[in-house]
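Trainee: This is what each chain is made of:
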Amino acid sequence: MEHCLLLPVFFPILAGVLLLLKRDFKERRSLLVYTGAVLVLGGAFAFFAVMVPADGVTLFYLTKEFPIFFELDTLGRFFSVTVTLVWVLAGFFSFEYMKHEKNEKRYYGVYLIVFGVLLGLDFAGNLITLYLFYELMTLTSLPLVLHTQSREAVMAGLRYLFFSFAGAYMALFGIYFICHFGTTLRFTAGGVIPAGALAEHKTLFLVVAFLMILGFGVKAGMFPLHAWLPAAHPVAPGPASAALSGVIVKGGVLAVIRVVYQMIGVDFLRGTWVQTVWMTLALITVFMGSMLAFGEPALKKRLAYSTVSQLSYILFGLSVMQGEAVTGALLHVAAHAFIKVALFLCAAAIIYRTGCTRVDELRGIGRGMPVTLWCYTIVSLGLIGIPPASGFVSKWLLASGSLASGIPVFSWLGPAVLLVSALLTAGYLLPVTMKGFFPGEGYDASRFTGKEPPLIMLVPLLVFAALTVLIGLLPNGLTDSLYTYAVHLLTLEV
Amino acid sequence: MNAFYLFLAVLVPFVGGALNPLIPWKKRRHMLWYLEGLVTLNSVLVWMLLLHRPLEKFTLVNFTGNLAIAFQLDGLGTVFAGLISFLWPLATLYAFEYMTKEKHEKTFFMFYTFTYGVTLGIALADNFLTMYCFYEMLTLVTLPLVMHTLTREAILASRKYLYYSIGGAAFAFIGMIFVITYGETSDFLLGGVMNAAKLSEGRNLFLLIYVFSFFGFGVKAAVCPFNSWLPQAGVAPTPVTALLHAVAVVKSGAFAIMRLTFYCFGADFLRGTWAQYLVMGAVLVTILYGSSMALKETHLKRRLAYSTVSNLSYILFGVTVMTPAGFAAGICHMVFHAFMKICSFFCAGAVMHQSERHYIHQLDGFARQMPKVFAVFTAASFALMGVPGLCGFVSKWNLADAAIASGNVMAYAGVGALLVSALLTAMYMLGIVVRAYFPKADFDYGTVADVRDPNWMMLAPLLVFVVCIVGFGVCSVPFTELFAAVARGGF
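These protein sequence lines are chains A and B, in that order. Take the first sequence: its position 405, counted from the start at 1, is 405 in this note's numbering, and no numbers get skipped. Basically this note's numbering = 1-based index in the second sequence + 494.
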């Protein structure tokens, strides 16, 4: 049974590679059928793997001691469900959107490969496997950023590459040390490095932990290595921006959790300068991202800055190292994924139908695209943190966890920054809704008439909006299991 | 097998190469079959020797006392000879297609084949004197290859190559005198041959001599500050740059340093001394210097040459850690880098051969025209960057692991340098890949319409190399164990 873990990883990758190698389809329809079938099948395999309990499976030995090894734990299950939902739905959205882009075949091929790679990242059962798929994630998602081949896209792509690899190699520096001193590379709550080694090389391991947080934090857009994100995400085609900003950034979060909670161990880090600096950086990023988003006139870029800010909510929750805060962070992973994908898909739908890219061009858009704008509004409320949408629950947990942590200054500074940032979030998201639905007396919004996108674009939007509300209304099942897992990660007594 | 065959393996390329210009070939193709057959046969001979290793040595000339020209086959020699003899037939095949556009083929192939013998001579040398003789000879037989095009640039480059190499060899000569005088035996012996009493007596003097000869051999291995000859020598035809300036010549330098460090002076004597810190410092500087210069360089082959500069110092970094694990990692990178770099050079050569373009900014949109070559080039780039699952990752992993295990703080910094260099590698290699696959949106494919993938003689070696790159990466364990055994002396 354990080989069912390999299927969702390698099936989309192989299907994608085949698609890239194949000659062009005669009809566009065949391309879509192929891609759709692979997405649905891949998704089904992923759900099957998540549902069926299986042992880990070793693929091959990369070096003498370290195998490429897949295993699913709660965290992996949680992330892979999120990834699958987003990837399949955004994939269907692209069927319509990509009509107005070139090189469709390449896009879908890469899109499928990245799907498999992301599942591989979630299924990774040890640090080396995680690192392998982390690097592959960067390399395979690069063509999505470069897709339009404009000068801007190429520059953004190279920047993406530079930052991502800078981060990956910082992390690799740490991995070398963990592999040398650690007892195992399997993810183990509480860490794998013997207490003796930790005590003997305290400074070394603090530096290692810091570099790894900073390095993997690059993918999550953490200050000071965030500059690639607002450049790279908006230049991709719409659905790809959504996927990049919604789930690929979460790869960084996953890696940080794996390293901090399951490799080095929180007990070692709690109260050290690493924790303090990490919290500081996260809070700076939260605030800075929101401010930059507030001042950004282009919608997609504004959303990218918003990602910078929101991802650091998650990182802040993780840096507090307290049960509720970690629960909030984990919940925000899913909540933010659905919300941000929905927002980017809205932006993509607007660009596709009207060609408008700047926020001030969207005045009166609610007249012509009411469903799109309603979805936009609902998920915006979620991102701001207004009940009953999902963001409220996760932010509540983040704030209350932070307050309960008892860390000097940060226990109240954190919630305060989160609150200010929530205000800014409202400030940068809601004007679109307000101007869109209420363009003002006598404003001629007829240019938007009948611009509502077709069903294949609307359905993913509606699903994400519904998921946002659903998580907000009925969070308890999810938060309870996440809390149990957070307690396990923190190796606390229940 | 009889040890005489060791000498035969060195001799055959000389005789066969020397005959080449004398034979009046009716068709060019006949020359190919002759050379390819000769080289392949010799490689088969070498591999048979490797598999049935002669235990005794073969003494060709015994000058006086312990001065002799002699051949033997130990672990390190096995690895190097195996590497060389695997690559040579493939490179000859490639060279034959590449040289259709160049003149003076007969002489070119004569020297090209000579070099095979000389490099094998270095690999199979039993003592310092033999290695030194072949080392000097290597400079002389490769000089005409660098000069081959006879342009002003080529002559300047070869002159520089000559001065640097001869100068380096002179410093290495000092080391040889000391090793022969104060060594208990003149043969290579893992762990060192120096007289312990003499060593402790003149410790600093010996360290100084070690440093001299390290940098002397380091000229060929392109250690800072003696590396400017290598990028300049890129004017030579690509088969020369690829095989000689990425593998045979430069790795002979690294090989000689391994012999010097582990088989003459002994790592135990050197570890923890100022000499170790000095040479390791130079090596780390070279790693960063090479990568940075590669990023700055816009000429395709010169960029790869700078990349070689940096990667050679990866090997030497392993050596300067001066532990068996570091030594093993150095050998590992020596072998794996050979495949990655010859592969990327051959891709560059294919591009130049098919399109006459030499600069990176001219490569827009090439991936669509030369899909096979660029697929291979991409794989080689990923391997050089150290993407897990390809061979580059394994050797860097071993280097870093050895550095950490040594507990030497400077080696920790070395791990950092490796990673910074890896980042630069990612940028300078993928910069090319991105350009080839993703030209600007308004790019006109008409300008590259006549560019095509080359024929099978160029593609076949590329295919073999890419299979090796993936194969080494996926099942690295037997290889790393072999290298570890060599480094421990258990082979």
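Some clues are possibly wrong.
[What the hints assert, rightly or not] Quick list of in silico lysine-lysine cross-link-like pairs, DSS-like style, CA-CA up to 30 angstroms:
no.	chain 1	residue 1	chain 2	residue 2
1	A	Lys105	A	Lys22
2	B	Lys934	A	Lys99
3	A	Lys22	A	Lys99
4	A	Lys102	B	Lys595
5	A	Lys22	B	Lys521
6	B	Lys595	B	Lys551
7	A	Lys26	B	Lys866
8	B	Lys866	A	Lys22
9	B	Lys654	A	Lys105
10	A	Lys26	B	Lys934
11	B	Lys595	B	Lys692
12	B	Lys934	A	Lys105
13	A	Lys102	B	Lys654
14	A	Lys435	A	Lys451
15	B	Lys597	B	Lys866
No lab work stands behind these hints, which were simulated from the structure alone.
Trainee: Evaluate each hint against the coordinates.
Mentor: To see whether the hints hold, each was checked on the structure:
1. A:Lys105 with A:Lys22: holds (9 angstroms)
2. B:Lys934 with A:Lys99: This hinted pair holds, its Cα atoms lying about 20 angstroms apart.
3. A:Lys22 with A:Lys99: With Cα atoms ~20 angstroms apart, Lys22 (chain A) and Lys99 (chain A) stay inside 30 angstroms; holds.
4. A:Lys102 with B:Lys595: violated (39 angstroms)
5. A:Lys22 with B:Lys521: violated (40 angstroms)
6. B:Lys595 with B:Lys551: violated (43 angstroms)
7. A:Lys26 with B:Lys866: holds (24 angstroms)
8. B:Lys866 with A:Lys22: holds (14 angstroms)
9. B:Lys654 with A:Lys105: violated (51 angstroms)
10. A:Lys26 with B:Lys934: holds (26 angstroms)
11. B:Lys595 with B:Lys692: Not OK: Lys595 (chain B) and Lys692 (chain B) at ~57 angstroms, beyond 30 angstroms, violated.
12. B:Lys934 with A:Lys105: holds (18 angstroms)
13. A:Lys102 with B:Lys654: Distance of about 50 angstroms is beyond 30 angstroms: violated.
14. A:Lys435 with A:Lys451: holds (17 angstroms)
15. B:Lys597 with B:Lys866: holds (28 angstroms)
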